[in-house]
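Asks: One-letter residues, chain by chain:
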Amino acid sequence: MKVTVCIGSSCHLKGSRQVVETLHALIEEHQLTGRVELAGTFCMGNCQSGVCVRRDGELFSVTPETARHFFETEILPVL
Amino acid sequence: MNKLCADIGWRSMNKWGEELCGDHVEIVENDSATTVVLADGLGSGVKANILSTLTAKIISTMISQDMELEECVKTVISTLPVCAVRGVAYCTFTIIRITNSEEAEIIQYDNPQVILLRDGHGVDYPVTEMNIEGKTILRSRVKLREGDVFIAMSDGCIHAGVGMELNFGWERKDIVEFMEPMSVTDFTAKTLNTILLDECNRLYGGQPGDDTTACTVRIRERKPMNLLMGPPADRDDCNRMMSLFFAKGGKHIVCGGTTSSIAAEYLGKPVVPDLEFSDPEIPPTATIEGVDLVTEGVITMSHVLTYAQDYLADNALYTKWSYGQDGASRIAQLLFEEATDINFFVGRAINPAHQNPALPINFSIKMRIVDQLAECLEKMGKKVKVSYF
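Residue numbers (our numbering), protein chains in the order written: chain A, 24 to 102; chain B, 1056 to 1444.
Just so you know, these hints were derived from the structure itself, not from any lab. Please note that the accuracy of each hint is not assured.
To be verified - Label pairs and their in silico Cβ distance ranges:
1) A:E44 x B:P1325: 22 to 30 Å
2) B:E1331 x A:P87: 13 to 21 Å
3) B:P1335 x A:P100: 53 to 61 Å
4) A:E81 x B:E1201: 51 to 59 Å
5) A:G80 x B:L1367: 43 to 51 Å
6) B:G1323 x A:R78: 48 to 56 Å
7) A:R58 x B:L1299: 40 to 48 Å
8) B:L1367 x A:E44: 46 to 54 Å
9) B:K1440 x A:G57: 44 to 52 Å
By construction, the Cβ of each residue, glycine as well, lies at the ideal position given by its N, Cα and C atoms.
Turn these sequences into a full structure, and let the hints steer you where they fit.
Replies: Pasting the structure below:
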């Protein structure tokens, strides 16, 4: 599975760094490093609902506060 | 004209407790020559400030208009106001005039002799003594080589530490020895000069006993640099903008998310973003094959502007950006240190996502950053050209 986090200007200001860090830590904690690929991308053109995160083809809106929830509901169960 | 150019940096420290500096540096550039004048007025404070400013202004203006040296010195001597206390009008000066990036003419009157560092060593150069209006003037001509470093100083430099750290101050040969290893690095003239003055300040124990000024001239190769930021106002202009940008010689920097995807499309290569946040405040960089550096846009550039303004002031953030691996630091390294000629390609498209009152970024901020940055770079002595699309 590939999870792509937007690191464009707008999402950066909305906390994409914290989202990346949280997801990165959770992936390691659950020993999913080989199964979930975490990547960055510049602007996805969807800044209003940032931080934009794409799980394979699907778009999600995540904030630093909801990053853990996103991981537990949208990443763990799908694997 | 050859491929060389002169990179110039200077700074003064005031005598401890003085509001004004009694040393003055004047730099005049015209088509074929760059003239640097460092003048040190008698005494300190207001009087010295007026003397040195007058001297430097008169000499630099006259020399840059191709007046004879004798004429300039005579004018200075007959124009300077006479000090009521000491009964003399006295101001020492050093002139370095670089012609066509081929030859340096050095004219010195009573300042510490200009230091020439070549291949990491202090070098003696031929000096001819002249007598003008009873004053002994030293004159030299030096054929330039890439990497040559000239350092002009006021006597505050060689007196640093007298009776404090050192018995007899810091002699010229000590300064040569101190600067020799620095001269072979890639440090800019401004950085070399800062290193020297910081050492003087240290020897003075932070309280300079005299006005202390140094001016460093480094002969280096011209290096063009191109920076692309923002998509063009008219999307149909993308190809024209990209082909002009990539046709330029030198390194290429692309700033901005949308901008980098346009560049990537033009080159037919993918954008590969990096997730490494080496500075938490600055978004990560990316790579595109064929582009030297790819960064985020407005946040990164506003940091670059901060570094540029600081560089022109007291250069306090130098250690932060000179070693940093984040986008802003790397742009700063390329623009401030490596480049001599900078071409900005600025797209005027308005990013709808940024026109959100909740965000501290918008179109006018972006344009202002470019304007201010270009101004700072010009003050650093770079040739800057901005093209809008």
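Asks: Look at each hint and say if it fits the structure.
Replies: Structure-based check of all given hints:
no.	hint	in the structure
1	A:E44 x B:P1325: 22 to 30 Å	holds (25 Å)
2	B:E1331 x A:P87: 13 to 21 Å	holds (18 Å)
3	B:P1335 x A:P100: 53 to 61 Å	violated (31 Å)
4	A:E81 x B:E1201: 51 to 59 Å	holds (57 Å)
5	A:G80 x B:L1367: 43 to 51 Å	holds (48 Å)
6	B:G1323 x A:R78: 48 to 56 Å	violated (28 Å)
7	A:R58 x B:L1299: 40 to 48 Å	holds (45 Å)
8	B:L1367 x A:E44: 46 to 54 Å	violated (35 Å)
9	B:K1440 x A:G57: 44 to 52 Å	holds (49 Å)
Hints 3, 6, 8 from the earlier list are contradicted by this structure; the remaining hints agree with it.
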